[in-house]
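Peer 1: Here is how the chains run, residue by residue.
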Amino acid sequence: MQSEILLRWIVLVPLLGAVVNGLLNRRLAKRVSGFIACAAIGVSFGLSVVVFLRLTGMDAEARVVNDILGTWLQIGGFHVDIGFAMDPLSAVMALVVTGVGFLIHIYSLGYMAHDDGFQRYFAYLNLFVFAMMTLVLGENLVMLFVGWEGVGLCSYLLIGFWFNDQANASAGKKAFIVNRIGDFGFLIGLFLIGANLLPHLAPGEGVFSFAILQHHAHLLAPAATGICLLLFLGATGKSAQIPLYIWLPDAMAGPTPVSALIHAATMVTAGVYMIARLNFLFVLSPTAMAVVAAVGAVTAIFAATIALTQNDIKKVLAYSTVSQLGYMMLACGVGAFTVGIFHLMTHAFFKALLFLGSGSVIHAMSNEQDMRVMGGLRSKLPVTYATFMTATLAIAGVFPLAGFFSKDEILWKAWESGNTVLWAIGFLAAGLTAFYMMRLVVLTFFGENRASSEVRSHIHESPATMTGPLVILAVLSVVGGWIGWPHFMGGGAWFENWLAPVFAVGEHGVAAHGAVAHHAADSTMEWTLAVVSVLWAVLGLILGWFVYYRRAAIADSFRKAGGGFVYRVLLNKYYVDEAYDAAFIRPGYRFSRQVLWKSVDAGLIDGLLVNGSALVVYLLGSVLRLFQNGMIRFYAWTFTIGVAVFVLYLSFSS
Amino acid sequence: MNDLAIPDFGREIAALLPFLIVAGGGLLVMVTDALVKTLRKDHLSYLVLLVLLSVIVVQTTSGTPEGPVLNGLLLLGNFSRFFTYLFVVIGVLTTIFATGIFDRDGNYRPEFYPLLLFAILGMMVLAAANDLLTVYLGLETMSLATYVLAGGVRGNAPSSEAGFKYLMLGGFSSAFFLMGVAFVYGACGGTGFDQIAAALHSGSAPMPFLTLGTGLMLVGFGFKVAMVPFHMWTPDVYDGAPAYVTGFMATAIKAAGFAILLRFVLLTEPMLAFAWYPVLTVLAVLTMSLGNIVALVQGNIKRMLAWSSIAHAGYLLLGIVAILAPALGGPEMMARAKGIVEEGGAALLFYLVGYALMNLAAFGIINVMGTEPGVDGDQISRYAGLSRRQPVAAATLAVAMLSLAGIPPMVGFMAKFYIFSVVVKAGLIPLAIIGVINSLISVYYYLRVIVVMYMHDTAEDSYQGTEWVSVAAAGLLAFLIIYLGVMPEAFHRGAEIVFRQISF
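Chains as they are written, first to last, in the working numbering: chain A, 84 to 737; chain B, 2 to 505.
Chain A with its partners taken away, still in its complex shape:
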């Protein structure tokens, strides 16, 4: 293990940017503020690259660098350090977060140029990168949790960035509250780890340090299922999985670059990262792994079906994100952590691109997000269109774009795990993905423009600060998957080799458990599945094209003929929000209002306990202060009486 002092600066420079922008705020010119924010992330990215290059120079097994700033807490045997560590896994995350983050910062310069809260926006955005890097580079689970809460806070602040609108503020609150449920699970998981591990540790060993955890993972085996399921509850909150995914679509209320950075590329993948990071723990519990895989697969198809019918361009992308996160969870659940992270990375490229592209469209359409009044933007926004199309092909999984490699690999691993149902669900969702993405592209970029003439006259391509990042991300969406070019296609699978040391225990663990029967891992099968899935994706795309462009009437007639019920269910997102509302929120609200507020809070607590005790204490204080009459004689008397009592007591007691 080597020490690397640069690590702390990767994390701290964005914080510095946030502090400067936050403190000086309006006193900074927009240009200066934007420059500081972008430079901070740029520096952080540069440092990440430097450390990453140093890692590549090391032996594969020894690729860890540490930067321990000091002991944070030391209470008895409980020891937590403030420290950062970069291994191959966190290196990938760091590069994705700072790299994509940097592009989105640049993009924001253009997107937010006319906003009053420009400086505040960049302060939040830098703060977010700080928190995310703490999460990613934290040397122990507690640091990870600090970052976890930090990104949650930034997410809340940015969703509600335009807080003057009640709906935006509510969306922020919804995200925050739903995430609290997940974090509650996460915290209890954390406590359980501590409680199970602490008695076995030598003094000075940090109980939550990942290295120590991995070393002592076997001690946690008896409690592993409970711990992992609780941690996974946290992950379903942060990574928007069933049952806690409901906050993410609403989170689209924030500025679009925020949706791209936080709610597509980085923060929402934190749950996947956490599971991958604790792979050695999750593989101890086949039950937990099965739950992760099942929840991931179901979420993937569930969200994909909802995406079919949404009319708000960002809502489609939001459900698509939920669906793709499901894929990542599925990969982790079948023990293919490498592939989960691989998809996390490629997804960061093309989904960030899709969101930024949609931002460009929204920008051009004078803040209109409804696709029903778009259309025909292809010629007016050529760069946006070209890049958006690239990303669409990438997410659909067309060879040789980035999405193909990662998604195909996930499906293959699901097949290989022997669970054909999981594979089938994933396969079906892949087709749906291609279909709804094509629908989105057609409705937005093809056909006649359906906007009002007022809006139509303002349509323009975005400035270079916005199109530049689009182009770079488009290139990454094409070539980003090539580093994982699989063996059966004659590639080197560099990505897999890179992460191999991190997941050695985990992926080996799955194999060793023998809980799953392996399909024969022959390359013929792999080829067959790959070709089938590409064809399947192309079929989805063509179908989407056909239904929404060539024969636009088909969709309508489907809706009218018997399909109306299905359509309504999907359009209303399976009525999950309504169901939660009826099952939890309204009863909870009624209970809170009638019982907790009116009787318990207002009556008992406020009336009797708070006001009552406050009144008593206040009266007591008012009486006691009368003794403080300023008379020195009286003071001396009290003194003497005190001494007398004191002396009497002492002489009797001895």
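These are calculated hints, taken from the structure and not from any lab test.
Heads up, a few of these hints could be off.
If we take Cβ atoms under 10 Å as the criterion, some of the chain B residues that face chain A in the derived model are [stated by the list, open to error]:
id : residue
1  : Thr212
2  : Val295
3  : Leu297
4  : Arg304
Here are some chain B residues pointing at chain A (derived, C-beta under 8 Å) [said to hold, decoys possible]:
id : residue
5  : Asp104
6  : Arg105
7  : Glu112
8  : Met169
9  : Gly172
10 : Phe177
11 : Leu179
12 : Val182
13 : Leu213
14 : Gly216
15 : Val220
16 : Trp234
17 : Pro236
18 : Ala276
19 : Val280
20 : Ile294
Small disclaimer: the values here were computed from a predicted structure and weren't measured.
C-beta: ideal position from N, C-alpha, C; glycine also.
Keeping the supplied structure of chain A fixed, place chain B upon it in accordance with the hints.
Peer 2: Below, chain B without anything else, positioned relative to chain A:
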């Protein structure tokens, strides 16, 4: 001849160098002020700062000898050095605050500077004392200087009243203290701590005299740290004295008082824990409860902080009670005793430092808020809207208040956390609960200051401080408050090391 060997003179001088610098510095400042007629007003403050900094330099670099010096009158080591650092840093800040006010008020008090140095000298002696006579010497040097500091604003009635009250009651308590010393001397046949320890150990000392004597001495210490029922002077004196002196008294005198109390408790604990423990338990609870309850109804921030300082003395006493508890417990408790005593001592030292930071930050701001010469900014209501007029000053005061209330991530939280966790470890869970309830009550009056600053609108008579050096210094303290609240561990461990040297 060997027992009466002439002490190694060079070693003694080297060991005493910090004391000599402060004493000599005080004289030098006095003489300079009298003889040099061309002094500008702030020149003396530079001289004082120079003296204090040179103490730090000497103590840090020269590796001053450890162990008893002057035939065992003083005991030097990590413990005394720790407190010297604390007193000197408090002295530096007090000098900065005072000088800023002299500048603004035109109410120049050159005698302030030497008196400050003499008070610090007394405190240093107190923290290093190893003999009842040096305890008394230190106590009186410190007290006499602070009587004058508190009462020395000429022509200011509240200040004079404060000084006079403090002097009268201080003399009163000294008399009790001296009587206690006499009893202990009679019982043990000596005044050196070593002799007392030996007498206690051999069991030759007659118990009634011993308990009576130590009890009366406790009255003396209790007076200095504002323990109920010997606290009555505190609000009047804190209120009447100028804010920079109040800040000094609230932090340095309390630290010095607890330093010697801690030494004394550890010295007599094996024999006398049974007598001290119930008394101190009751007094600790009374002290913190009374302090917090009466603080609730204060509209004057200096009086509020005076009562708060009483309450904090109560929390600190909890730490002393925790240290005493194991000696009374069964064999199971005895096995853990060493750990608890060490943790308790470390918690007390940490608390004293944290308390000094937050109180100085608060008084530093209060000091500059007054609008008329000679009157401090002490009306809470007149802080309305400060956050808009002076964001840095308001934020600093807010941090100090949050820390005093014990809210994370401020140092006040960690300090309370360490104390309460030792109390729990010593098996005194009810006491910890009482402590936490007290803490809760205190939140109300601390937060009220923040509410007024941040949520009330500026009124016509709202304060508007102008002196920025003090605000900057207090702001630095606020930063330290947060830093030590987030990263307490290194410092806490340092405190443990410091304490270990005197504990056994």
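Peer 1: Does each hint hold? Answer for all of them.
Peer 2: Evaluated hints:
1. Hint status for B:Thr212 relative to chain A: holds, with the closest Cβ pair at about 4 Å, below 10 Å.
2. Hint status for B:Val295: holds, given a least beta-carbon distance of 5 Å to chain A, under 10 Å.
3. The beta carbon of B:Leu297 is positioned within 10 Å of a beta carbon in chain A (closest approach about 4 Å), and the interface hint is therefore held.
4. Among the interface hints, the one on B:Arg304 holds; its C-beta lies about 9 Å from the nearest C-beta in chain A, closer than the 10 Å criterion.
5. Interface hint at B:Asp104: violated, since its Cβ lies 28 Å from the closest Cβ of chain A, which is beyond the 8 Å cut-off.
6. The beta carbon of B:Arg105 is not positioned within 8 Å of any beta carbon in chain A (closest approach about 28 Å), and the interface hint is therefore violated.
7. Given hint, B:Glu112 at the interface with chain A, is violated; its Cβ is 25 Å from that chain's nearest Cβ, farther than 8 Å.
8. A distance limit of 8 Å between C-beta atoms decides the matter here; for B:Met169 the minimum to chain A is near 6 Å, and the interface restraint holds.
9. Against a cut-off of 8 Å between C-beta atoms, the interface hint on B:Gly172 is violated, since the closest Cβ of chain A lies about 10 Å away.
10. At about 6 Å, the closest approach between the beta carbon of B:Phe177 and any beta carbon in chain A falls short of 8 Å, and the interface hint on this residue holds.
11. Hint status for B:Leu179 relative to chain A: violated, with the closest Cβ pair at about 13 Å, above 8 Å.
12. This hint is violated: B:Val182 has a C-beta 15 Å from the nearest C-beta of chain A, more than the 8 Å allowed.
13. Nearest Cβ of chain A to the Cβ of B:Leu213: about 6 Å, under the 8 Å cut. The hint holds.
14. Because the smallest distance between the Cβ of B:Gly216 and any Cβ of chain A comes to about 4 Å, under 8 Å, the interface hint for this residue holds.
15. At about 5 Å, the closest approach between the beta carbon of B:Val220 and any beta carbon in chain A falls short of 8 Å, and the interface hint on this residue holds.
16. Annotation: interface hint on B:Trp234 holds; nearest CB of chain A at approximately 6 Å, less than 8 Å.
17. Taking 8 Å as the C-beta cut-off, the interface hint given for B:Pro236 holds, the closest approach to chain A being about 6 Å.
18. Using the Cβ-Cβ criterion of 8 Å, the hint placing B:Ala276 at the interface with chain A is satisfied: the shortest such distance is roughly 5 Å.
19. Interface hint at B:Val280: satisfied, since its Cβ lies 6 Å from the closest Cβ of chain A, which is below the 8 Å cut-off.
20. With a least beta-carbon distance of about 5 Å to chain A, the hint placing B:Ile294 at the interface is held under the 8 Å criterion.
Of the hints listed earlier, those the structure fails to meet are numbers 5, 6, 7, 9, 11 and 12, in rising order.
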